[in-house]
Amino acid sequence: GESVGLHLPTLSVQEGDNSIINCAYSNSASDYFIWYKQESGKGPQFIIDIRSNMDKRQGQRVTVLLNKTVKHLSLQIAATQPGDSAVYFCAEKGTSYDKVIFGPGTSLSVIP
Amino acid sequence: GAVVSQHPSRVICKSGTSVKIECRSLDFQATTMFWYRQFPKQSLMLMATSNEGSKATYEQGVEKDKFLINHASLTLSTLTVTSAHPEDSSFYICSARDQSGDKWTDTQYFGPGTRLTVL
Chain A
1 GESVGLHLPT LSVQEGDNSI INCAYSNSAS DYFIWYKQES GKGPQFIIDI
51 RSNMDKRQGQ RVTVLLNKTV KHLSLQIAAT QPGDSAVYFC AEKGTSYDKV
101 IFGPGTSLSV IP
Chain B
1 GAVVSQHPSR VICKSGTSVK IECRSLDFQA TTMFWYRQFP KQSLMLMATS
51 NEGSKATYEQ GVEKDKFLIN HASLTLSTLT VTSAHPEDSS FYICSARDQS
101 GDKWTDTQYF GPGTRLTVL
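Which chain is which? The protein sequence lines are A and B, in order. Straight run, no breaks: the first sequence in the working numbering ends on number 112. Straight run, no breaks: the second sequence in the working numbering ends on number 119.
It cannot be assumed that every hint is accurate.
A short, non-exhaustive set of chain A residues, derived as facing chain B with CB atoms under 8 angstroms [what the hints assert, rightly or not]:
# : residue
1 : L8
2 : Y25
3 : K42
4 : P44
5 : F46
6 : F89
7 : V100
8 : P104
No lab work stands behind these hints, which were simulated from the structure alone. Note that the Cβ used here is the ideal one computed from N, Cα and C, for glycine as well.
Starting from the given sequences, assemble the full structure and let the hints guide the process.
The structure is reproduced here in structure tokens:
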């Protein structure tokens, strides 16, 4: 397999604060990146994506930043809510219809 | 949005038996589906790419004779875990690719997962 994490890092934030989840990707040829949210016992849920020719993209309460120079991706969640508690995965894809490879994931815990 | 279903959601079986997991795209056709395995507190690991009408492509280290994949129609792929053992216990997740758009709208939709427990 590829990109398998061993232990999920954990991020704890106070409700209402902003969250920043970071991800380092491995393949410099990847040209499409996705953030997924996975709640316990469920499949991944698409949050936001970004193409390699962009460095920032905003959605509803979420922003993804891409730094190709250092192969770094981040997800910013504004005004974090208890419902945001989940595991967040970044994923990368190499070419147009290539397979999606997941990063190790970060567990976000929101403190009420 | 597009919906992908999996059946069963949970299965418990005895060691040595075979288990079949179904993955269906409910409102779109998927020539390509993917099977992932996820162990507790770990990431999703891609096992294989399932192509409609042709043989699956397995990732390195995944035994094709143990994890049989069949993609007989544009809306159904099945994963059969043969001669299951306790170490095969895991969360199996499928995804289906909707290729109706262009490169940048190509999106994978994930199923809810199947929890396999082998006793």
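Comparing the hints with the structure gives:
Hint status for L8 (chain A) relative to chain B: holds, with the closest Cβ pair at about 5 angstroms, below 8 angstroms. Using the Cβ-Cβ criterion of 8 angstroms, the hint placing Y25 (chain A) at the interface with chain B is not satisfied: the shortest such distance is roughly 13 angstroms. Interface restraint check for K42 (chain A): the shortest CB-CB distance to chain B comes to about 6 angstroms, inside 8 angstroms, so the restraint holds. Among the interface hints, the one on P44 (chain A) holds; its C-beta lies about 5 angstroms from the nearest C-beta in chain B, closer than the 8 angstroms criterion.
The restraint placing F46 (chain A) at the interface with chain B holds, with a minimum CB-CB distance near 7 angstroms, inside the 8 angstroms limit. Restraint check, F89 (chain A) versus chain B: the minimum CB separation of about 6 angstroms is within 8 angstroms; hint holds. Using the Cβ-Cβ criterion of 8 angstroms, the hint placing V100 (chain A) at the interface with chain B is satisfied: the shortest such distance is roughly 6 angstroms. A hinted interface residue such as P104 (chain A) counts as satisfied when its beta carbon comes closer than 8 angstroms to some beta carbon of chain B; here the least separation is about 5 angstroms, so the hint holds.
Comparing the model with each numbered hint stated earlier shows that hint 2 is the single one that does not hold.
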